[in-house]
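One letter stands for each residue in the lines below.
There are 4 protein chains.
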Amino acid sequence: MSLSLADQAVLTLSSVNRPGIVARVSGYLFEQGCNILEAQQYDDTASGQFFARIRFNRVDDTAPPIDAIREGFETVARRFDLVWRMRPCDEERRVLLLVSKFDHCLADLLYRWRIGEIRMAITGIVSNHPIETYRHLDFDGIPFHHLAVTRETKRQQETEILGLVEETRTDTVVLARYMQVLSDEMSAALAGRCINIHHSFLPGFKGAKPYHQAHARGVKLIGATAHYVTADLDEGPIIEQDVERISHQDSADDLIRKGRDIERRVLARALAWHLDDRVLMNGHRTVVFRD
Amino acid sequence: MSLSLADQAVLTLSSVNRPGIVARVSGYLFEQGCNILEAQQYDDTASGQFFARIRFNRVDDTAPPIDAIREGFETVARRFDLVWRMRPCDEERRVLLLVSKFDHCLADLLYRWRIGEIRMAITGIVSNHPIETYRHLDFDGIPFHHLAVTRETKRQQETEILGLVEETRTDTVVLARYMQVLSDEMSAALAGRCINIHHSFLPGFKGAKPYHQAHARGVKLIGATAHYVTADLDEGPIIEQDVERISHQDSADDLIRKGRDIERRVLARALAWHLDDRVLMNGHRTVVFRD
Amino acid sequence: MSLSLADQAVLTLSSVNRPGIVARVSGYLFEQGCNILEAQQYDDTASGQFFARIRFNRVDDTAPPIDAIREGFETVARRFDLVWRMRPCDEERRVLLLVSKFDHCLADLLYRWRIGEIRMAITGIVSNHPIETYRHLDFDGIPFHHLAVTRETKRQQETEILGLVEETRTDTVVLARYMQVLSDEMSAALAGRCINIHHSFLPGFKGAKPYHQAHARGVKLIGATAHYVTADLDEGPIIEQDVERISHQDSADDLIRKGRDIERRVLARALAWHLDDRVLMNGHRTVVFRD
Amino acid sequence: MSLSLADQAVLTLSSVNRPGIVARVSGYLFEQGCNILEAQQYDDTASGQFFARIRFNRVDDTAPPIDAIREGFETVARRFDLVWRMRPCDEERRVLLLVSKFDHCLADLLYRWRIGEIRMAITGIVSNHPIETYRHLDFDGIPFHHLAVTRETKRQQETEILGLVEETRTDTVVLARYMQVLSDEMSAALAGRCINIHHSFLPGFKGAKPYHQAHARGVKLIGATAHYVTADLDEGPIIEQDVERISHQDSADDLIRKGRDIERRVLARALAWHLDDRVLMNGHRTVVFRD
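Residue numbers (full-length UniProt numbering), protein chains in the order written: chain L, 1 to 291; chain Z, 1 to 291; chain S, 1 to 291; chain H, 1 to 291.
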């Protein structure tokens, strides 16, 4: 039997830590004819929470299909009060990309998607700028939505975006340098599935123009932060951060230029990990089982 | 009941991958009244080998002592042909430090040991230089052995070192910038438990004077490599590496100076991981379950 | 008077070090009504060579035009036997891009050029693959040349490329993951103005399939190297290098994926510095006055 | 003639930028029989300020001694209103080290000083803890001063420290993890010559317990900042910063442990650059001519 991605799945769990969870979960998978390929586990001794990510496959065709394994897992999950998800590896997650004028993150994500580095189904691109802004990018048939926004139309525009999310069965929303602050309602509606790239090493320089703030303060490193969006702007759970060395020679514009490189690689990493079920929520922090 | 380090243990495993290993191992620990605190697992799909590190504790005093749990595990291990080790967390590993003239790694390891950052019992310090070389270091009662070495006495000197290893029940030998090449016999005798710091980013510049080689080649980064010692000099399994940026301004002496910082932190990390059973051998490569 | 880029120039110098060079050069610029904006100097005490990069501007319209300043500098240069170049900052250097199947570096350079991050005039794109390979990239009118190559036609193909270089007055050739080894003749013809990105941290893994070599050796960091092309493959003067951390979990394919990010940013930096006259040759090493 | 460090000097300058400064300064050095060995210059186009660092030597014995060259430079300096300093390279700067309970930075600085990596004359060690705290460190005859401090005696204690500074002709004060906030008066008295290591990547987590703050916020990188002390706590001009990657697994205590490595290397770099006249003040930012 040749096994394909459809015979593999990722199971993520979290719960209050109790003896026997791993034994029962791994026992169940074994009984179902599955083999564990990769497993990571973390116990937050401060909060008493337990987190795990398990990638497994069906050993051969005598094993039930993934759907049935998932159904059967419900009993195990109930016993330990698990928050869980089991996702077959051939299932591409559905992603909506939001962008404003600066398109370096968008261009980068499209490139990585095209060469197969980030596996996802892009359900659409939404911008508050017209499509001409991106005339050098090949959208390759991805639906583009120009949804302009003013103070007056903000609520209306957000309703349209949420409509698109529902209509296209979008799983994850990415703010790829989308320079609009989401309303509390929209943040709540997308809780845990909306990723923003903040062009700063948080919590260093919150708010507007972080590179200008960094320049004025004379820091020697700049960074970027990918985080889940919450109502509390710039305070959502951090997924990934990175930095680059700068010097006194760098103007604020130089920081913006050097920052682009960090932003695009931090966002790409964070999104890839999210799509691969490597990021679990632990209160307002994250557990990241890095690849 | 208050649980101490003596109630915790680390179990490391490797074997040919087969379904059911995790289920059986975690099932056994659960049956013995233990709780898994931390677990990492890796399957090398190319070689078919399976590696795991599990930290667990006795849930309460109804659980058997660690010694008994270890004894009972023998049956599980035999069933899956596991290469394994179970070590209580309160047991300090016994380490012999070998050094030559340059003492920056030695000074650094002593400091980290003293403040409790690296937990180990230092069984002795061996040098081919006299104790006066280190008069600014506080050896704090650790036995010091001046074992001079010449071409003629090399075999004799190595025999003395191996004698010390046995006599002091030393578990791990660290070449903390010990500038003597070990004989094949000695390398074999210490296989998998002798760590060297190579003052280069391997395999960039093997052999003598790597910083001078790096300077002559005009590289823009220098590094250091901690690895297990094997008969094949500079080719042992790599545990950890790191680099630092340099420029055209740096002379070979500057590289040596900048290299010291990398050497000492790379060696310290590698040793800490080794002592914490985080490094498993996978052929001539390592699996490192980083902290 | 409003000063534009046309009123600024970069002067680079190298020579045997002798007292009075800086005094004479800066004296000359002052006499010509110029102001030094940025200056970096390096003396290689081992070789006795002196290197400098000076950016200056005409203070106002009473200063002669840059062309005249350059002409007059000839006398200064002769006195100290300087190897030098003076280039007005509004003059875009002419760059030919060579590429094979993998287009991540090409896509990246085009993007940076488009948003003005790398200033250059792209004189053409040459590939040994047909234009369809790059159908998702917007070449924006840049001439594309499909010059297939076989063992038999290699000499002929290189002649065609050199013809293009001459015809388009190309200054700099970039091997943006161009997977053909240049002949000695072609390397010589492009000496000091042909930049390659080597998908390895040199001299770690020369030759073919460096990521597979790195995986087999079990290194913990991978890197990339941008260097000038010389007849001695993989041995040309290094301009820039960078690395990324990997782990035992990474397959050779993962290294290739992670390597793409390093390759494109290392090549982009090296090219930008080269175009900005920040890279000077010091034997088979480089002096890089970083920004 | 054999030239020693006594024949070399470092000249640092800053002033409002005006044409001709470099020409006049380099002309003067040439007339005095000196050769420029290394020069870096930076023009802050935003503020119009000019900064330079020039290392030069007397070409032979016909040149006047450094003292006379310095005296003569006064005329040049007055003409351009330069803020300047000329220091012979054999002159060791005098440094007072302040420390509290945690001695990792102190131990590190002493080690680097001992092996000649950081050249300085240590005028004393001041602690608010008794000498027994450091019994494993070899102070090697450096005077130790236990100056306990309470809310009531703070003013008195600071007066004693400033007395020591004067008495020992101390040039630079280092707060090597000295956990007392200096009064405004003391900060003012040591302006531009007192370096602190802040155990955080500023301005991320100001104030108390930054590692606990970082842990609570769930950041993925931690850092440290070396800066000049000013009355405005945690806001002084930054000299150097660095970071290290952490993960969800790290407790606040792990951050403290990992932070020690960053703190000591950031402080050592900042101090070495300061002592080597590589750090110039540009308002509340610094210009750092890195080595």
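There may be inaccurate statements among the hints.
[As the list claims (entries may be wrong)] 30 angstroms max Cα-Cα, derived DSS-like pairs, lysine-lysine:
#, chain 1, residue 1, chain 2, residue 2
1, Z, 154, L, 258
2, Z, 101, Z, 258
3, Z, 101, Z, 206
4, L, 101, S, 258
5, H, 101, H, 206
6, S, 258, L, 258
Think of the hints as simulated: they come from the structure by calculation, not from any bench.
Evaluation of the provided hints:
no.: 1; hint: Z/154 / L/258; result: violated (55 angstroms)
no.: 2; hint: Z/101 / Z/258; result: holds (18 angstroms)
no.: 3; hint: Z/101 / Z/206; result: holds (20 angstroms)
no.: 4; hint: L/101 / S/258; result: holds (28 angstroms)
no.: 5; hint: H/101 / H/206; result: holds (20 angstroms)
no.: 6; hint: S/258 / L/258; result: holds (20 angstroms)
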